[in-house]
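K.L.:
Sequence:
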Amino acid sequence: MVETGKISVTDYVRVTSTECAKIFNMYPRKGAILEGSDADIIIILNPERSFVMGAHTHHSRSNTNVYLGRKGKGMVEVTISRGRVVWEDGVLNIAPGSGTYVRMPPFGYIFDGIEKSQMPPTELPSELLYSVVKLLLNDALLHLVRDCCLTMPCSI
1 MVETGKISVT DYVRVTSTEC AKIFNMYPRK GAILEGSDAD IIIILNPERS
51 FVMGAHTHHS RSNTNVYLGR KGKGMVEVTI SRGRVVWEDG VLNIAPGSGT
101 YVRMPPFGYI FDGIEKSQMP PTELPSELLY SVVKLLLNDA LLHLVRDCCL
151 TMPCSI
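The opening position of the sequence shown corresponds to residue 1 in the numbering used here, with each subsequent residue numbered one higher.
What the hints contain is simulated information worked out from the structure, not anything from laboratory work. Please read all numbers here as calculations on a predicted model, not as lab measurements. Among the hints, erroneous ones may be present.
As the list claims (entries may be wrong) - Within a straight-line C-alpha distance of at most 25 Å, the following computed DMTMM-like cross-link-like pairs (lysine to aspartate or glutamate) qualify: (1) 6 to 77; (2) 73 to 3; (3) 30 to 40; (4) 6 to 19; (5) 22 to 38; (6) 73 to 35; (7) 71 to 48.
Assemble the whole structure, with the sequences as input and the hints as a guide.
P.N.:
Right under this line is the structure:
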């Protein structure tokens with residue numbers, strides 16, 4: 001998306017890092033480069049290199065990868081997590097057990113947005129709803145909903 005100009009690099013980082021951390025209620029520990037944050041960052045991303053997802057690129061205990069065989073563009077060359085280089089020159093430099101559990105308290109950022117977006121239903125005139133249904137349904141099904149739409153108050 002960045003390569004085609006659909007979004008800026010800044011927006012890409014916001015969507016794939018900051019907003020994800022907020023949704024999973026891990027911000028600002030994750031998704032930010034601030035004092036007290038883990039500061040997990042990619043130092044060098046080579047946008048010209050390409051790759052194919054395979055078993056050698058999948059560093060996980062899971063044996064399933066929905067991206068297996070897919071081509072991608074842009075290779076991470078160096079990654080730092082909590083001040084340590086953990087990926088460099090295609091080599092994962094971590095020891096088993098070196099990670100830390102990140103607590104994700106419930107009801108974070110995304111739930112705040114849900115509460116703000118809740119509004120009372122908007123009443124629709126039954127005739128308008130019937131007209132919309134008429135456009136969407138064929139004549140065979142229309143008679144089944146006609147009486148309902150014209151006799152009951154409808155809301156969306």
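K.L.:
List in ascending order the numbers of the hints, as given earlier, that are violated by the structure.
P.N.:
6
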